[in-house]
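Undergrad: Chains as they are written, first to last, in this note's numbering: chain A, 1 to 1105; chain B, 1 to 368.
Hints in this document: simulated from the structure, not taken from any laboratory.
Don't take each hint at face value.
Restraint-style ranges between C-beta atoms, simulated for each label pair [said to hold, decoys possible]:
hint	chain 1	residue 1	chain 2	residue 2	range
1	A	G293	B	A353	51 to 59 Å
2	A	A186	B	G285	55 to 63 Å
3	B	A78	A	I372	46 to 54 Å
4	B	V141	A	D486	32 to 40 Å
Sample of chain B residues facing chain A (criterion: CB under 10 Å; computed from the structure) [unchecked claim]:
hint	residue
5	S2
6	D88
7	R91
The structure presented is a predicted model; accordingly, all values stated were derived computationally and were not measured.
Here a beta-carbon is modelled for each residue, glycine too, at the ideal position from N, C-alpha and C.
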Amino acid sequence: MPKRTDIESILLIGSGPIVIGQACEFDYSGTQACRVLRSEGYRVILVNSNPATIMTDPDFADATYVEPLDADVIERIIARERPDALLPTLGGQTALNLAMELAESGVLETYGVELIGANAEAIATAEDRERFKDAMVGIGLSVPASAIARTMDEARQAAVTIGLPVVIRPAYILGGRGTGIATDDASFERLASAGIAASPIGEILIERSIAGWKEYELEVMRDSADNCVIVCSIENLDPMGVHTGDSITVAPAQTLSDVEYQRMRDAAFACIRRVGVETGGSNVQFAVDPLTGDQVVIEMNPRVSRSSALASKATGFPIAKIAARLAVGYTLDEIPNDITRLTPASFEPTIDYVVTKVPRWAFEKFPGTSGILGTQMQSVGEVMAIGRTFPESLQKAMRSLEQGRAGLNCDPGEAAYDALDDDALLAAASVATPERPFQLEALLRRGVSADRVHETTRVDPWFLDQMLAITEEREYLATTGALEMDAAAWRRAKRLGFSDAQLGYLWGLPEAGVRAARLGAGVAPTYKTVDTCGAEFAASTPYHYSTWEDEDEVAPSDRPKVMILGSGPNRIGQGIEFDYCCVHASFALRDAGYETIMVNCNPETVSTDYDTSDRLYFEPLTTEDVLNVIDAEQPMGVIVALGGQTPLKLSGQIPEGLVLGTSPGSIDLAEDRDRWNQLCAQLEIPQPAGGTARNLAEAQEVVARIGYPALVRPSYVLGGRAMEIVYDDESLERAMTELAGAGSLGREGGLSAERPVLVDRFLEDAVEVDVDALRDVAGEVLIGGIMEHVEEAGVHSGDSACVLPPQTLAAQTLEVIADYTRRIADALEVVGLVNVQYAVKAGQVFVIEANPRASRTVPFVAKATGVPLAKAAARVMVGSTLADLRREGVIPDLGVAAPMYPGADGRLRHVAVKEAVLPFNRFPDADAVLGPEMRSTGEVMGIDAGVGRAFAKAQLAAGTRLPDSGTVFLSLADRDKSTGLAAARRFTELGFALAATTGTAAHLRAAGLEVAVEVAKIGEDGTDAVELIAGGEVDLVVNSPRGRGPRADGAHIRAAAGVNQVPLLTTAAAGLAAANGIADRRQHELGVRPLQDYHRDLFDGSPDD
Amino acid sequence: MSVRPAALVLADGSVFHGEAIGADAPGGISAGEVVFNTTLTGYQEVLSDPSYAGQVVTFTYPHIGNYGTTPDDDEAAAPFCRGVIVRDLARRRSNWRSTEDLDGWLRRHGLAGVAGVDTRRLTRHIRDAGAMPGAFGTAPVEALAEAAAAEPGTAGVDLVALVTSDAPYVVGSGPRRVVAYDFGIKQTILDHLATIATVEVVPASTPAADVLARNPDGVFLSNGPGDPAAVTGAPQTIRALLGEVPVFGICLGHQLLATALGGATFKLPFGHHGGNHPVRRLADGTVEITSQNHNFAVVEDSVPGAEVTHRNLNDGTIEGLAVRELRAFSVQHHPEAGPGPHDAAYLFDEFAALMDANRPDPNGKGTN
């Protein structure tokens, strides 16, 4: 069927902020969908609250709403835009849930909006576990025995019928949150009651546990003519019991015979047909009993998922793009296969390599968490690696993770397992943790048999034997040396995935020495192509990976080429924002006539879409792998400044002449504390007092000079890893000891002689300010945006809400900040982006640090101001001037009287607020406190005419629905009491009642405020805060903590707010902003407006006077 | 484990190095026409499929042997292919159905192979230069080159005589009676036919009169190896059956039916060997993903009176033919799968329906 002509406009819902379980894979799918639908001539209306996404660029949709993903808000967008159709299957669980809400409330019917891609009936069948199970049994498929419960009595009854162990899953929850395995009565009681509370519909599924079975996934596509294809099969290395998002997964399935595979394929088709997904992609998960081959269906997602992003990257079959076409009426056979161009999309990709995905976790950021993997997803990112064999792809994946590992052990990190004896190590490996793959290798290396390891861990013997092949090769390699290796020996080692760094460790040689010896033996990688067809047809898509074979398929072109290094796996502190920058660089340079070459290993991203750049190398971002691509492609330059810390760290390893933009020397100057201090002194820019320390004694010396409180932070890290504010000698000592310990293990942020710790005077109650600026080779500086943080200095900038333009700083202060920024950019000879952080205390501006690279806020600034900073930066790095870019229209020409930055002259008639989204609900054992170490996974933007409304929108988008009335509970640290008082007064004026802890209540009363409820200390007589919150008597909690102390009352209060889903603000400043937001919201009706309109006002309209 | 270096040499002189796996070939040399198969699963079915007689099978998927082998998955009592080329042979098998590892299976059947080969380079070479004879083994490269040059390939060679059964035998106890011509029939086809009929399998040379004398409800023309033009006598035999009894052909059976109807066949550059080929069923436009294994195809517009029922969406070649008035139809692909997807399995039901339309209903149900 050709495409539908009865619809003209389509509303697409994105997935909102990056959270655990829902990351940038939906930016990838949504971006593909936007591009496809527009190319088909539809008017695309997009709503997504996440400013860091590529899809929310005004270029990708006709109307882009960066607004909260909330049913009321979307109804307003629908009323304003009157779309013909809503496509809900490309924005993850968030979009699907919203679509269901809009369908059920009748909004879609009222406005005549048709749901395309999936219907409400199909969504309900797949998402409601009871219905799904019945549906599967109805078509003859097996499912694990299960029961639904809405009360504890029902739950207990079900547990008796099914028998423990059981899995408990709350209904309608994404990413498996709240899910767990109950093995005894106590764990059953705990999980069941928490699950009922967590489910939005108060329902849990209790299911026979099939932990230890093998787990598989099939990615299915179906079109309106009922054609079905499997895009990819995936086998999990981790057996059932670990959430698939936390499992190491391998494509294609490795240990299924054709008989079993085809049975699973038939079941997947039967499933998608029964559920009724009429068009698009779905994923179906299966478990297989390794002893009998019994196959059961676990679940299906009636939408594009994380696994479909992986399957798309693993096969070259662009699921989201095709799903979007299917949704508007095409059938699979009408869509050409992008890669072969001559064959249709109605086929099943076949691959001639192995893909391994490994998740990346961030447990180190959440002290108190167990670090044990289970049925609830906890990882924050993932890497994918392609090799011709599983050992090769596994080792590539391990070094792609950037966690200091050079592969599957054979590196300094393996020493961590030495202390354990065989039994202890085996016991450790029987529990799924991020360490498990390394423990498995260590066990095999000690000679523990694969059978014994299998019995304990349930990891399939085939996978274990493949690891053993790596181990055996290592044992051989240990008996030889770099100079004794002939070409055949090199090739054998390389084919098993050994990196030069691993071999260097084995032979006691520097990595460069290994590389030289290898190249001397004439052994270099070959590059193969991902082509969907196992080379059966010629491929026209340049999507490549390295391996060690006879034939290299990639012929470099003679066009001028720029290589862009991506940002690797998502992690806290380095996520989608940097992918945004890299993708923009690629687009801008392509437009300017360069051939662009992307190198990255993150399968979730737009940058690793084979459409984004002229060439894509899906490779680890390590010295060896990057140098190999440079050798193969001979680019004119390499961009290292847009992908965050990952490529920046490589800048010193790349031939210096190739680094585009700011020189590695300048990057180093900004990072080297002593040189930076000298520079600031020279420029007469004040800094907080401070110094560097290589050990505790030096740190104590610095503190003796500058006094407490002091900010202790490692150099060369992003996201404030291990950064801490210390108030006394004891906490200084502890912080330094922790850093030294991390350093000895080679971990990120660890202390070492080359990487000393920075110790600075911490400026209490200062306002923190972030500036993103761009400087060209001619010396012109464009101030992209000045952002004022809502939380005071001391909260990591990535976790702090910030406002653009600044609201409380005097024009004069802004002038000073702009001036300092220009001077610093000049002094560092920046060519490209620079981010400078300031603290403003009592009107005086201190510079905290400068980073001559793209910052996390670049996409936010670009969206708030309409200036495409990342695109401009890429052009500047290859030599264009800002004047050139204005002439070409890449950046707007604001005229002769151009302001230094939008907003300086009042042109910015709107306010944008960025708010961080934190994963504390995933880590209930960690304290929900903001501090100098970044913990947020994502961000949202609220944009409106006034700061209050923008702030309220940002809160709503981040999941905090500020109350209109009721009781505000305050518990404040002493230093916050003046700001807290202002907030309390505002709340009182707005008609809220106040509740407070004893000290805070006294303070408020002393200022003349009425405190309705004063709570007792926890454990003392009378109602305490936790009881008050649990009793539903509090509508908003404002609790500011005192440092990183033991679990005091504050921690219990914050945990209670989390459990009872009461909005929680952890700084007094945020409390004040919230009060202002609530006030502003009362004055104005909630409005929605697309970014395109805001930007048009800014550049075309004349400012109001 | 001692490594036995080995090589594959193609008739055009290309050399691919690796190490020997499976049985020791006499003189360290095996030879045949080198083809590639893109299926991800089903190596045992492929290697035991008689249609691969005379051929050396290259698997494009690098890991082969992961789930071992089981007698249940053999497509014939013994393989007729000449060898196997893989990137990586599993050291250890893992699957509850498995009874023997692939290396043991190869040795038991006297088949040699080469592992460690850049099979993607080999595949690209065959894709561009066409399937061609080659020789492999532990012998010196010069000796292998000579053997490759001497190897005739499959065009014009009657390989059916090699693989067909010596005497008739009966399989299944279904309600209908089918006579199946064995040009190299696969076990999975027999399994499917047995669900709809009592099947008497007869040697390829069985005269039409003998078959008609058995008074069957239908005649099945099986798959088989090589060049249809080289299978002497079959077209004449089939011609004698047409119109007398419903006829259903698969793969070589399809090509022979076309030939019997006056059609012509041609050799594809490198054939279709895999489990992911899209085929359009022209009756309703739906697309089925099919299992394929053939080097020859029916020439467009060459079959008088036949309707094209199926078409390959990758290269447009004919995938199915039907002559309604003669109650005969055939497909180029493999509806029985083994290995491969089950999308086209309905064709066996259509065969049953065609037979039922021609005789009183065996179950007393209405006919269509």
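Undergrad: Hints first: check each against the structure and report whether it holds.
TA: Hints and how they fare:
no., hint, in the structure
1, G293/A to A353/B: 51 to 59 Å, "violated (33 Å)"
2, A186/A to G285/B: 55 to 63 Å, "holds (59 Å)"
3, A78/B to I372/A: 46 to 54 Å, "holds (52 Å)"
4, V141/B to D486/A: 32 to 40 Å, "violated (19 Å)"
5, S2, "violated (13 Å)"
6, D88, "holds (5 Å)"
7, R91, "holds (6 Å)"
Violated hints for the displayed structure, listed by number in ascending order: 1, 4, 5.
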